[in-house]
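Given the structure of chain A, go ahead and fit chain B onto it with the hints provided.
Protein chains: 2
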Amino acid sequence: MKNRIITISREYGSGGHEIAQRVAQQLDLDFYDKELITLAAEESGIDAQLLETMEEQLAAAPLPDPENPSSPYTLEDRMFLAQSRVIQNLANREPCVIVGRAANHVLANRDDCLHFFVYAELDERIKRISGRLNVSPEEAEKKIQRTDKARAAYYKHYTGKEWGLAHNYTVSLDSGYLGIEGVVGAIRHRFQPEWKANKVGICG
Amino acid sequence: MKNRIITISREYGSGGHEIAQRVAQQLDLDFYDKELITLAAEESGIDAQLLETMEEQLAAAPLPDPENPSSPYTLEDRMFLAQSRVIQNLANREPCVIVGRAANHVLANRDDCLHFFVYAELDERIKRISGRLNVSPEEAEKKIQRTDKARAAYYKHYTGKEWGLAHNYTVSLDSGYLGIEGVVGAIRHRFQPEWKANKVGICG
Numbered sequence: 646m647k648n649r650i651i652t653i654s655r656e657y658g659s660g661g662h663e664i665a666q667r668v669a670q671q672l673d674l675d676f677y678d679k680e681l682i683t684l685a686a687e688e689s690g691i692d693a694q695l696l697e698t699m700e701e702q703l704a705a706a707p708l709p710d711p712e713n714p715s716s717p718y719t720l721e722d723r724m725f726l727a728q729s730r731v732i733q734n735l736a737n738r739e740p741c742v743i744v745g746r747a748a749n750h751v752l753a754n755r756d757d758c759l760h761f762f763v764y765a766e767l768d769e770r771i772k773r774i775s776g777r778l779n780v781s782p783e784e785a786e787k788k789i790q791r792t793d794k795a796r797a798a799y800y801k802h803y804t805g806k807e808w809g810l811a812h813n814y815t816v817s818l819d820s821g822y823l824g825i826e827g828v829v830g831a832i833r834h835r836f837q838p839e840w841k842a843n844k845v846g847i848c849g
Numbered sequence: 646m647k648n649r650i651i652t653i654s655r656e657y658g659s660g661g662h663e664i665a666q667r668v669a670q671q672l673d674l675d676f677y678d679k680e681l682i683t684l685a686a687e688e689s690g691i692d693a694q695l696l697e698t699m700e701e702q703l704a705a706a707p708l709p710d711p712e713n714p715s716s717p718y719t720l721e722d723r724m725f726l727a728q729s730r731v732i733q734n735l736a737n738r739e740p741c742v743i744v745g746r747a748a749n750h751v752l753a754n755r756d757d758c759l760h761f762f763v764y765a766e767l768d769e770r771i772k773r774i775s776g777r778l779n780v781s782p783e784e785a786e787k788k789i790q791r792t793d794k795a796r797a798a799y800y801k802h803y804t805g806k807e808w809g810l811a812h813n814y815t816v817s818l819d820s821g822y823l824g825i826e827g828v829v830g831a832i833r834h835r836f837q838p839e840w841k842a843n844k845v846g847i848c849g
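Note that the protein sequences, when read in sequence, are chains A and B. In terms of our numbering, the first sequence opens at residue 646 and continues consecutively. In terms of our numbering, the second sequence opens at residue 646 and continues consecutively.
Note that these hints are calculated values from the structure, not bench results. Honestly, I wouldn't trust all of these hints.
The list treats identical chains as one, so a pair stands whether inside a single copy or across any two.
Here are the computed lysine to any residue pairs in the SDA-like style, where the Cα-Cα straight-line distance is at most 20 Å [what the hints assert, rightly or not]:
hint, residue 1, residue 2
1, Lys-794, Leu-810
2, Lys-679, Ser-729
3, Lys-772, Glu-784
4, Lys-772, His-812
5, Lys-788, His-812
6, Lys-806, Asp-768
7, Lys-647, His-802
8, Lys-806, Glu-739
9, Lys-794, Lys-806
10, Lys-794, Glu-807
11, Lys-788, Asp-756
12, Lys-647, Glu-826
13, Lys-647, Gly-824
14, Lys-801, His-812
15, Lys-787, Tyr-799
16, Lys-801, Arg-723
17, Lys-787, His-812
18, Lys-806, Leu-767
Isolated chain A (complex conformation) (with noise of 0.2 Å):
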């Protein structure tokens, strides 16, 4: 099978969004982030800001079990049923790219995905986060540990599994260490026809 689709999940402050949409500029892929919310609301009927909103608060407030049926389907259970549609129908629809939104889950079935995780030390993403969003480093650690923790809780409770763990993913890559240059030029050489049919050396 070839390989159509690519999802990213990354460490807040990594670079993985960058490298996201580097790597689907590079390949000529539609990508998907922030507009997937926005596709998900619209399916669903929810307010796309409100969602963005909701998924900040997650991990203050642990969602309830969506498996126990005297547990209602919350307004963030439907929120991550809409998006996992929209995820399953961009998949169905294209080749593309798809950052965070616990996407290589939802695609976990599909032997037509690569998965990367992408990561680096704490040092070097307070660096880049302090720097984008002009704040003290210790804000930006504060805003990393905060983000982190929500996504970890996210895929926590919709997965049943621990975020980064390297088993979830076909390939993690520390953009600290690699560099994003080398983080992309990593992704982009991965996706090539036939690879998992010919299980070809990556760089010859």
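Just chain B now, with coordinates in the frame of chain A:
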């Protein structure tokens, strides 16, 4: 700083040992795996056969905390310390490939090392182990679970970190998806002089 050392951590049955051997052979580097135990044993005066047996039993019997003064160093603790010294000496001496023994943690403060984690889906590993040991898939699965449990417990006890978290490695690779040669190629390609300084693309 040039890359000098490659460490490879691996799930049991992922082909990590074979991958490490091929990488060492193709890059003409020394290779340390069981030899490391022997070297550590020579240094600490502990019998090598005994050390191997003990490592298998680690998951069943959690070790006392070496940080706690009321808990004297056990034989296992002395083994770990001796192995760590050996790993550090090897890394100082010459470029090499080191498999297992939490070498990524022992050498975490050096900037001339590349740390890889190799893993695969359970069914791929069952296939490999039942073929290699000529046992039923059920027996292979039990052996895999027992060995991985021991490795995770060992890693957690001596590093304080979860085994298999992407963050502990430079790159993590799924050998079931990428194939043995694919992983060998990825590791080989990344082991190049001036890699870190230039932060060039991995595959051009």
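Return the numbers of the hints above that this structure violates; sort them in rising order. Violated hints: 7, 8 and 11; rest satisfied.
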